[in-house]
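A.B. asks: Using the sequences and the accompanying hints, generate a full structural model.
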Amino acid sequence: MSAVRPDKSKLYYPKMPATWWLRKPSYFLFMLRELSSVFIAIFLIVFLIQIYQLTRGPEAYVAFAQGLSSSGWVIFHLVALAFAIYHSITWFQSTAVVLPLRLGERAIPPGVVTALHIGAWIAISLAILILFLALRG
Amino acid sequence: MSEPTITLNVTRYRPGQDLAPRSQPYSIPYKQDWVVLDALNYIKDHLDGTLTYRWSCRMGVCGSCGMMVNGEPKLTCAAFLRDYYPQEIRVEPLAHFPVIRDLVIDMSDFLDKLKSVKPWIIRKTEKPISQGEYLQTPAELEAYKQFTQCINCMLCYAACPVYGLEPEFLGPAAIALGYRYNMDSRDQGKDERQRVLGSHDGVWQCTFVGECTEVCPKHVDPAAAIQRSKVDTAQNWFKSVLLPWGER
Numbered sequence: 001m002s003a004v005r006p007d008k009s010k011l012y013y014p015k016m017p018a019t020w021w022l023r024k025p026s027y028f029l030f031m032l033r034e035l036s037s038v039f040i041a042i043f044l045i046v047f048l049i050q051i052y053q054l055t056r057g058p059e060a061y062v063a064f065a066q067g068l069s070s071s072g073w074v075i076f077h078l079v080a081l082a083f084a085i086y087h088s089i090t091w092f093q094s095t096a097v098v099l100p101l102r103l104g105e106r107a108i109p110p111g112v113v114t115a116l117h118i119g120a121w122i123a124i125s126l127a128i129l130i131l132f133l134a135l136r137g
Numbered sequence: 001m002s003e004p005t006i007t008l009n010v011t012r013y014r015p016g017q018d019l020a021p022r023s024q025p026y027s028i029p030y031k032q033d034w035v036v037l038d039a040l041n042y043i044k045d046h047l048d049g050t051l052t053y054r055w056s057c058r059m060g061v062c063g064s065c066g067m068m069v070n071g072e073p074k075l076t077c078a079a080f081l082r083d084y085y086p087q088e089i090r091v092e093p094l095a096h097f098p099v100i101r102d103l104v105i106d107m108s109d110f111l112d113k114l115k116s117v118k119p120w121i122i123r124k125t126e127k128p129i130s131q132g133e134y135l136q137t138p139a140e141l142e143a144y145k146q147f148t149q150c151i152n153c154m155l156c157y158a159a160c161p162v163y164g165l166e167p168e169f170l171g172p173a174a175i176a177l178g179y180r181y182n183m184d185s186r187d188q189g190k191d192e193r194q195r196v197l198g199s200h201d202g203v204w205q206c207t208f209v210g211e212c213t214e215v216c217p218k219h220v221d222p223a224a225a226i227q228r229s230k231v232d233t234a235q236n237w238f239k240s241v242l243l244p245w246g247e248r
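So the protein sequences, as listed, match chains A and B.
If you read the first sequence in this note's numbering, its first letter stands for residue 1, the second for the next number, and so on.
If you read the second sequence in this note's numbering, its first letter stands for residue 1, the second for the next number, and so on.
Hint data in this document are derived by calculation from the structure and do not stem from the laboratory.
Check each hint, because a few of them may be wrong.
Unchecked claim - Straight-line alpha carbon distances no greater than 30 Å define the calculated BS3-like cross-link-like pairs of lysine-lysine that follow: (1) B:Lys-44 with B:Lys-115; (2) B:Lys-230 with B:Lys-190; (3) B:Lys-127 with A:Lys-24; (4) B:Lys-118 with B:Lys-31; (5) B:Lys-239 with B:Lys-124; (6) A:Lys-24 with B:Lys-239; (7) B:Lys-31 with B:Lys-44; (8) B:Lys-124 with B:Lys-190; (9) B:Lys-124 with B:Lys-145; (10) B:Lys-115 with B:Lys-190; (11) A:Lys-15 with B:Lys-44; (12) B:Lys-44 with B:Lys-127; (13) B:Lys-115 with B:Lys-145; (14) B:Lys-115 with B:Lys-239; (15) B:Lys-115 with A:Lys-10; (16) B:Lys-118 with A:Lys-8; (17) B:Lys-239 with B:Lys-118; (18) B:Lys-218 with B:Lys-190; (19) B:Lys-44 with A:Lys-10; (20) B:Lys-239 with B:Lys-145; (21) B:Lys-218 with B:Lys-145; (22) B:Lys-31 with B:Lys-115; (23) B:Lys-44 with A:Lys-8; (24) B:Lys-31 with B:Lys-124; (25) A:Lys-15 with B:Lys-190; (26) B:Lys-230 with A:Lys-15; (27) B:Lys-31 with A:Lys-15; (28) B:Lys-118 with B:Lys-230; (29) B:Lys-230 with B:Lys-145; (30) B:Lys-44 with B:Lys-118; (31) A:Lys-8 with B:Lys-115; (32) B:Lys-239 with B:Lys-190; (33) B:Lys-31 with B:Lys-239.
Stated by the list, open to error - With beta-carbon atoms standing in for the labels, derived distance ranges: (34) A:His-77 with B:Arg-14: 30 to 40 Å; (35) B:Glu-168 with A:Val-38: 19 to 29 Å; (36) A:Gly-119 with B:Ala-234: 44 to 54 Å; (37) B:Leu-19 with A:Ile-42: 44 to 54 Å; (38) B:Phe-238 with A:Glu-34: 22 to 32 Å; (39) A:Ile-130 with B:Arg-195: 34 to 44 Å; (40) B:Trp-120 with A:Leu-44: 17 to 27 Å.
Note that this is a predicted model, so its numbers are computed, not measured.
Idealized CB from N, CA, C, for every residue including glycine.
C.D. replies: This is the structure:
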């Protein structure tokens, strides 16, 4: 049996406006999450250049690090940090959806999985910070 | 005292006559226990018999009456006027679909995509009837039960900006139903479905906006089905590349 199809020439095809992501807070937050990747990518490129400067000797590294201490770069890093935190939180929220966990017969609620991830993330970050401060002396 | 009224701004589109849809206001009696579908039925019965829309069960089971209510994809049989009163209500056809007439959209694209994921149990070998039915444990049933609740109402497609921007995308409901059969312990058709789910227009088009899950009236959680299908598809790819006996 062939399906009856409407006459395509008489259909109205709606178009999505370029501002669709401003229509709902959830769409806007999604776009922010996507945009966060740009800031994280720039941060990583700067970080790689910073490591490269280490191979060129102490003078080159100090000069580069001084350049990064300008107010423009400090503001960029603060914005990148805020985006990285936001992106990480959405990542852990997604993890709970992608990997449903069970404890015997019972499903672990997604909120608990996210909270455990975020708890581990904070603990590891604090451990790295303490190690950094200890090594700095 | 005069009866309270509420205004519905309903999208009208006459194929072959109108170049674009337009909005038409209708003032109807306001009743606290009415849903938007009751209001549309009142308009059709008393004010304008030419108004065209789909509906059937009036109880959130058939999935026919999905429309945009104040810009949100809703089953109009479950959208109460009292949640909007005294504000006016905007009723439009489901977003992202071609419009046939007034509030009726062309669902052929969805039906083609649904068929492509083979949403039925595929067996490589059938056992004889004399051996009885295929039994499942409660845990095996639980693995896919949630995804059986889909009523094909297409609200998830109307909420998905990826489908709006990339109409080739397989879309939330079709993937959720493909996943439902992949997770069924009686099924042996996962490889056939993976070819569709893992294709260019399959699960990888999804950027996990998550609105499909938010608007789903049956709490199917298509976003979860898509993300878990991504894990399956990625595992299959690694197996095919790393294992010498993997299927290419």
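A.B. asks: Give a verdict on every hint.
C.D. replies: Verification of the supplied hints:
1. Restraint check: the Cα-Cα separation between Lys-44 of chain B and Lys-115 of chain B comes to about 34 Å, which exceeds 30 Å; the hinted pair is violated.
2. Our distance criterion of 30 Å between C-alpha atoms is met by Lys-230 of chain B and Lys-190 of chain B, whose separation comes to about 13 Å.
3. Taking the CA atoms of Lys-127 of chain B and Lys-24 of chain A, the gap is near 51 Å; set against the 30 Å cutoff, the hint is violated.
4. Annotation: proposed proximity of Lys-118 of chain B to Lys-31 of chain B is violated, straight-line Cα distance about 44 Å (limit 30 Å).
5. The suggested pairing of Lys-239 of chain B with Lys-124 of chain B holds, with an alpha-carbon distance near 21 Å, which does not exceed 30 Å.
6. This hinted pair does not check out: Lys-24 of chain A and Lys-239 of chain B have alpha carbons roughly 40 Å apart, beyond 30 Å.
7. Using a Cα cut-off of 30 Å, the hinted pair Lys-31 of chain B and Lys-44 of chain B holds, with the two alpha carbons roughly 17 Å apart.
8. A distance of roughly 11 Å separates the Cα atoms of Lys-124 of chain B and Lys-190 of chain B; the hinted pair therefore holds under the 30 Å criterion.
9. At most 30 Å may separate the alpha-carbon atoms for a hinted pair to count; Lys-124 of chain B and Lys-145 of chain B meet this at roughly 22 Å.
10. Among the hinted pairs, Lys-115 of chain B with Lys-190 of chain B is consistent with the structure: their alpha-carbon atoms are about 15 Å apart, no more than 30 Å.
11. Simply put, Lys-15 of chain A and Lys-44 of chain B have alpha-carbon atoms about 28 Å apart, close enough for the 30 Å limit, and the pair holds.
12. Restraint check for Lys-44 of chain B and Lys-127 of chain B: not satisfied, since their Cα atoms lie roughly 53 Å apart, outside the 30 Å limit.
13. Among the hinted pairs, Lys-115 of chain B with Lys-145 of chain B is consistent with the structure: their alpha-carbon atoms are about 20 Å apart, no more than 30 Å.
14. Distance hint between Lys-115 of chain B and Lys-239 of chain B is fulfilled; the C-alpha atoms sit about 27 Å from each other, no more than 30 Å.
15. Taking the CA atoms of Lys-115 of chain B and Lys-10 of chain A, the gap is about 25 Å. The hint holds against a cut of 30 Å.
16. The suggested pairing of Lys-118 of chain B with Lys-8 of chain A holds, with an alpha-carbon distance near 26 Å, which does not exceed 30 Å.
17. Distance restraint check for Lys-239 of chain B and Lys-118 of chain B: the Cα-Cα separation of roughly 23 Å lies within the 30 Å cut-off, and the hinted pair is therefore satisfied.
18. For the hint linking Lys-218 of chain B to Lys-190 of chain B, the alpha-carbon distance of about 25 Å falls within 30 Å, and the restraint holds.
19. Only pairs whose Cα atoms come within 30 Å are accepted, and Lys-44 of chain B paired with Lys-10 of chain A is accepted, the gap being roughly 23 Å.
20. For the hint linking Lys-239 of chain B to Lys-145 of chain B, the alpha-carbon distance of about 28 Å falls within 30 Å, and the restraint holds.
21. For the given pair, Lys-218 of chain B sits about 12 Å from Lys-145 of chain B by alpha-carbon distance, which is consistent with the 30 Å threshold.
22. Between the alpha carbons of Lys-31 of chain B and Lys-115 of chain B the distance comes to roughly 41 Å, so the proposed pair goes past 30 Å and is violated.
23. Taking the CA atoms of Lys-44 of chain B and Lys-8 of chain A, the gap is near 26 Å; set against the 30 Å cutoff, the hint holds.
24. Proximity of Lys-31 of chain B to Lys-124 of chain B is assessed by CA-CA distance (about 55 Å); at most 30 Å being required, the pair is judged violated.
25. Between Lys-15 of chain A and Lys-190 of chain B the alpha-carbon distance is near 35 Å, which puts this suggested pair outside the 30 Å criterion.
26. Using a Cα cut-off of 30 Å, the hinted pair Lys-230 of chain B and Lys-15 of chain A holds, with the two alpha carbons roughly 29 Å apart.
27. About 35 Å separates the Cα atoms of Lys-31 of chain B and Lys-15 of chain A, which puts this hinted pair outside 30 Å; it is violated.
28. Between Lys-118 of chain B and Lys-230 of chain B the alpha-carbon distance is near 18 Å, which keeps this suggested pair within the 30 Å criterion.
29. A threshold of 30 Å between alpha carbons decides the hint, and for Lys-230 of chain B with Lys-145 of chain B the separation of about 19 Å falls inside it, so the pair holds.
30. A distance of roughly 38 Å separates the Cα atoms of Lys-44 of chain B and Lys-118 of chain B; the hinted pair therefore is violated under the 30 Å criterion.
31. The suggested pairing of Lys-8 of chain A with Lys-115 of chain B holds, with an alpha-carbon distance near 21 Å, which does not exceed 30 Å.
32. For the proposed pair Lys-239 of chain B and Lys-190 of chain B, the alpha carbon gap of about 15 Å is at most 30 Å, so the pair holds.
33. Straight-line distance between C-alpha atoms of Lys-31 of chain B and Lys-239 of chain B comes to about 60 Å, which puts the hinted pair past the 30 Å bound.
34. Distance hint check: the CB atoms of His-77 of chain A and Arg-14 of chain B are about 58 Å apart, inconsistent with the given range 30 to 40 Å.
35. Restraint check, Glu-168 of chain B to Val-38 of chain A: a C-beta distance of roughly 26 Å satisfies the suggested window 19 to 29 Å.
36. Taken as a hint, the range 44 to 54 Å is violated for the pair Gly-119 of chain A and Ala-234 of chain B, whose Cβ atoms sit roughly 27 Å apart.
37. About 46 Å separates the C-beta atoms of Leu-19 of chain B and Ile-42 of chain A, a value consistent with the hinted range of 44 to 54 Å.
38. For the pair Phe-238 of chain B and Glu-34 of chain A, the supplied restraint of 22 to 32 Å holds, since their beta-carbon distance comes to about 26 Å.
39. As the Cβ distance of Ile-130 of chain A to Arg-195 of chain B is approximately 50 Å, the hint placing it in 34 to 44 Å is violated.
40. Our hint of 17 to 27 Å for Trp-120 of chain B and Leu-44 of chain A is violated, since their Cβ atoms are close to 46 Å apart.
Going down the numbered hints, you'll see the structure goes against 1, 3, 4, 6, 12, 22, 24, 25, 27, 30, 33, 34, 36, 39 and 40, while the others check out.
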